[in-house]
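Asks: Residue numbers (the working numbering), protein chains in the order written: chain A, 1148 to 1442; chain B, 1148 to 1442; chain C, 1148 to 1442; chain D, 1148 to 1442.
In case anyone wonders, no lab produced these hints; they're calculated from the structure. Small disclaimer: the values here were computed from a predicted structure and weren't measured. Be aware that one or more of the hints could be misleading.
No distinction is drawn between identical chains; accordingly, a pair holds when it is met within one copy or between any pair of copies.
What the hints assert, rightly or not - Here are the simulated DSSO-like cross-link-like pairs (lysine-lysine), alpha carbons at most 27 angstroms apart as the crow flies:
no., residue 1, residue 2
1, K1381, K1417
2, K1176, K1381
3, K1407, K1417
4, K1381, K1358
5, K1250, K1381
6, K1354, K1407
7, K1250, K1407
8, K1250, K1358
9, K1197, K1358
There are 4 protein chains.
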Amino acid sequence: MMHSYQSFAVIGGDLRQAHVANQLAAQGKTVYALLLETNEALHRTLICEKTPGEILPLCDAVVFPLPLTADDEFVSAPFSARRVRVADCLSVLRPGAAVFAGKISPEMHALAEQFDVEMIDYLEREELAVKNAVITAEGAVAIAMEELPIALFGSRCLIVGHGRIARALIRILRGMGASVTVAARSYGSLAEIEAEGCRAVRTDALKTSVKAADVVINTVPARMLTEPVLSALKHDALVIDLASRPGGVDLAAAGRLGVKTIWALSLPGKTAPITAGEIILHTIENCLSELEEAV
Amino acid sequence: MMHSYQSFAVIGGDLRQAHVANQLAAQGKTVYALLLETNEALHRTLICEKTPGEILPLCDAVVFPLPLTADDEFVSAPFSARRVRVADCLSVLRPGAAVFAGKISPEMHALAEQFDVEMIDYLEREELAVKNAVITAEGAVAIAMEELPIALFGSRCLIVGHGRIARALIRILRGMGASVTVAARSYGSLAEIEAEGCRAVRTDALKTSVKAADVVINTVPARMLTEPVLSALKHDALVIDLASRPGGVDLAAAGRLGVKTIWALSLPGKTAPITAGEIILHTIENCLSELEEAV
Amino acid sequence: MMHSYQSFAVIGGDLRQAHVANQLAAQGKTVYALLLETNEALHRTLICEKTPGEILPLCDAVVFPLPLTADDEFVSAPFSARRVRVADCLSVLRPGAAVFAGKISPEMHALAEQFDVEMIDYLEREELAVKNAVITAEGAVAIAMEELPIALFGSRCLIVGHGRIARALIRILRGMGASVTVAARSYGSLAEIEAEGCRAVRTDALKTSVKAADVVINTVPARMLTEPVLSALKHDALVIDLASRPGGVDLAAAGRLGVKTIWALSLPGKTAPITAGEIILHTIENCLSELEEAV
Amino acid sequence: MMHSYQSFAVIGGDLRQAHVANQLAAQGKTVYALLLETNEALHRTLICEKTPGEILPLCDAVVFPLPLTADDEFVSAPFSARRVRVADCLSVLRPGAAVFAGKISPEMHALAEQFDVEMIDYLEREELAVKNAVITAEGAVAIAMEELPIALFGSRCLIVGHGRIARALIRILRGMGASVTVAARSYGSLAEIEAEGCRAVRTDALKTSVKAADVVINTVPARMLTEPVLSALKHDALVIDLASRPGGVDLAAAGRLGVKTIWALSLPGKTAPITAGEIILHTIENCLSELEEAV
């Protein structure tokens, strides 16, 4: 985890990026926090009012937010009154600087290439995905606890899908004494689910499996909870959808059927922003170590 | 769990008692729900507008609320416009009827004795205490998730005390990947804490042990978190107090020191009322079985 | 799990195949058990003394052992005095029969192709690998309990590698209260290890990580425990190698250094043969279902 | 855990006492190991060939074995050719010395009183009982793994009783993926069993509950597994009895019925003697701290 990068610019973003800036400073690095002026978690001494053109040429590494930009033009900066173009940052980078951003669109990757800059997308990193899955699972459980009039202990939870989030959910829900069923497609996944102590069912039998569930948590980015499945639910069952757009639940059908559905997106940044920032920081540190090892 | 009691009066209470009434009816019992008129969870068909004097003489068993009464005179009935004296219920009971209530004061026990009635306090039952502890622990974890800007995964949790609630907390928090330390007094408890996979510390060293904690959950009904202990906490640590009155935290000191403290009482009825009702029902069923076995 | 195959030949093998035959018969299938005469677990009524040439043409499905053959010529049959060539079986199969075997060599696959037979290798199936990993992990823990003069509770276990067996080991050892460290290569695996509640170390730092270990369990099929690593172990540490040939431990160095090493191969068939047979049976049933679905 | 006792005699016993002596020496204490000459685990430098009369007057604390004596006369000393009377030790102790032994009979307590010596029985200490229960549970699981031809994963385990050993068994067996049922008497215990994630059954229904079990582990020191219960077992079920004499299984009936039964006594000293010694040492250290605090 050792690397020799000393000066960092952190540009834009939210509480997560503020935490990255704070932590880098606590490690003794030189940190310039731009476009984060109104984020109260940011240590006041780190606020940098200068322009990217003045600061970026000084930095060994630059940390852009997650997402990098909402409009493929300006850096995402909800905690700043300033508006700065991504292009205006990329054009002034110090040669050889390490550049990080989250959820980089193909357009932005193409833009970076024009400036001969290689931007590393930390959202693509496996270690970040694993840790974010853990926080996402926690957030989903918090929603279930908040919404259900029953305890999770003794409740029947159905998880759809068996990826990283599902595995984190299994650990939490089993620790809470829930009865956990997981739906998956392949025989290999079904065997793993049983090995992890849960009941395994096939996704093509969801219509039957949902009948007993008190809560259904979907983790699959595909339309799993169709009208026939939703109509088989108990009337007071809760559905939590963790799938990114377009989501795993037929919301129109859920509305018609009166199925209580919560579509929870981007949980890590919302429910545990400091931990989410820490995860980004560790991921960036791993990348910096790799960059140095590769030299 | 078999017993032959057929007709039940459920008088007063909240969602928990409404659930008891609903479940008894679902089992085919004759159920009269009094003083629950405005509780929307109660099945409409069970609402009974008659007086206790008309209904109680007909019943094999009578279920009073938890607490039985707030003023040692009237039955607790937040979901009714009617006011009924406990004495006016006890005076009309059928001889030999089984009578249940929660948190019966010495005054109310004395009153029952005047009417030659033995009231069973379901709050005193071990099985209810165990199951309520599980829900209380869930509720405390939900509060921690709600309040903390960090994930519980990887967080440092300090539990004060090692009774039923603490053991339930251990299971949940370890399943979530928290690092759990438990403070207890006796060497036997310290050994059990280690056997359950946690770090054990002595309560007389709390001042040192709290230093690293992200969240402290007190389960001991005594002033454990005194000013010296509170002042050793990290500035952003969260304290959750589950101890009944007078509570385990010096709230005045916490206020002075700016320690975020949440005093959470009676969690089962608030966070999982349906499960809490189910627990009351099972406990009553156990009592009824025992009453019949004893005959 | 439904299929319509009715008549089965089970040829050769050990207790696992005997269990497959017994279970198929218990399901009401017609079962011919060949080359298993002296296996005492086989129900006596299933013993078939006829030749493959007489039996195989009658069967919907044929189950060969694991491994299919030790010499690329004769069917493995330690519980029979008879010797039967694989070729002499393949030549008489009923057209369209489903054919299963374990650990099929390229030579045997080529032979099957000559007879226009598609042999399915159940050892290649993901669900069998997952379940066998669970039994292998159990067997490794049994060895550690047998060999160590200390309890696993509180012991320091180092697992090398983070595949299926390692994940099963983690579940078991953590349930036993061991302190578990896992060595892996990628940042993604390291994150998963932490998500599963263990300490994660990099395999390139094994020489340091092994120092504290009471027991080291290698699951990586590569020479991980080299002389420098072995010489860093505590003098009373135990090494269990689960890697298939050529194994993960430099046995010559271990001998020189006096490191107690146990190379445990093919644990499922040895420590839990009945469960291993059940796993084979379920895998074959999955394959039969897939064959029918594909039609 | 701090105390100021400096000189220790360790007299008699087995590998556990040898480990106590080794560890005390490693802490820098002055240690005289008597009647342990042939125990190979004892560091050679600690062997003391002098008589108790020469050594004991020099010592701040004296550690007798577990059990103290097998015949109420001589110190248990299987690793010595010498025979020494307990009385001849008690008569020469330094006034105020701390004296420890395990399983002290009323006769031996009376003898100590004659010499005005207070012997502390470390076997009576709660922390030792808790930790020994953990090792006993491990040992029982090792036996089950050794004896059963099936994996514990997926097996049906019935634990009779819900004390310390049972709770340790639950943690281990659930971590291994067994399906665990626990039989207990009180409604409170039944609720705790469910809170710990297991199925709870009443001990008075054992005859029914044992039917599905692959392995039954008795922890209750009473005749729980009577002939009617044993005859309801599956023919290949395994019974492990952890109850001290006279044991919890009707062995004669088990013999008649052909039920495989293993009566496993004193597991800690047998399966994990070093850990068992460590537990004794920690317990003695706790006692020494208490003795000093009390002054």
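Asks: Confirm or reject each hint.
Replies: Going down the list of hints, with the structure as the test:
Taking the closest pair of Cα atoms, K1381 and K1417 come within 27 angstroms of each other only across two copies (23 angstroms); inside a single copy the shortest separation is 30 angstroms, beyond that limit. Taking identical chains as interchangeable, the C-alpha atoms of K1176 and K1381 lie at most 27 angstroms apart only when they sit on different chains, with a minimum of 24 angstroms there against 55 angstroms within one chain. Taking the shortest alpha-carbon separations for K1407 and K1417, both the intra-copy value of 21 angstroms and the inter-copy value of 20 angstroms come in at or below 27 angstroms. Taking CA atoms no more than 27 angstroms apart as the test, K1381 paired with K1358 passes inside one copy only; the shortest distance there is 6 angstroms, against 34 angstroms between copies.
For a Cα distance limit of 27 angstroms, the shortest separation of K1250 from K1381 qualifies neither inside one copy, at 38 angstroms, nor across copies, at 34 angstroms. For the homomeric pair K1354 and K1407, the shortest alpha-carbon distance inside one copy (17 angstroms) is at most 27 angstroms, but the shortest distance between copies (45 angstroms) is not. In this homomeric assembly, K1250 and K1407 never come within 27 angstroms of each other (Cα to Cα): the closest approach is 30 angstroms inside a single copy and 35 angstroms across copies. Within a single copy, K1250 and K1358 get their C-alpha atoms no closer than 37 angstroms, and across copies no closer than 38 angstroms, so neither meets the 27 angstroms cut-off.
For the homomeric pair K1197 and K1358, neither the shortest alpha-carbon distance inside one copy (59 angstroms) nor that between copies (38 angstroms) is at most 27 angstroms.
When held up to the earlier numbered hints, the structure conflicts with 5, 7, 8 and 9 and fits the remainder.
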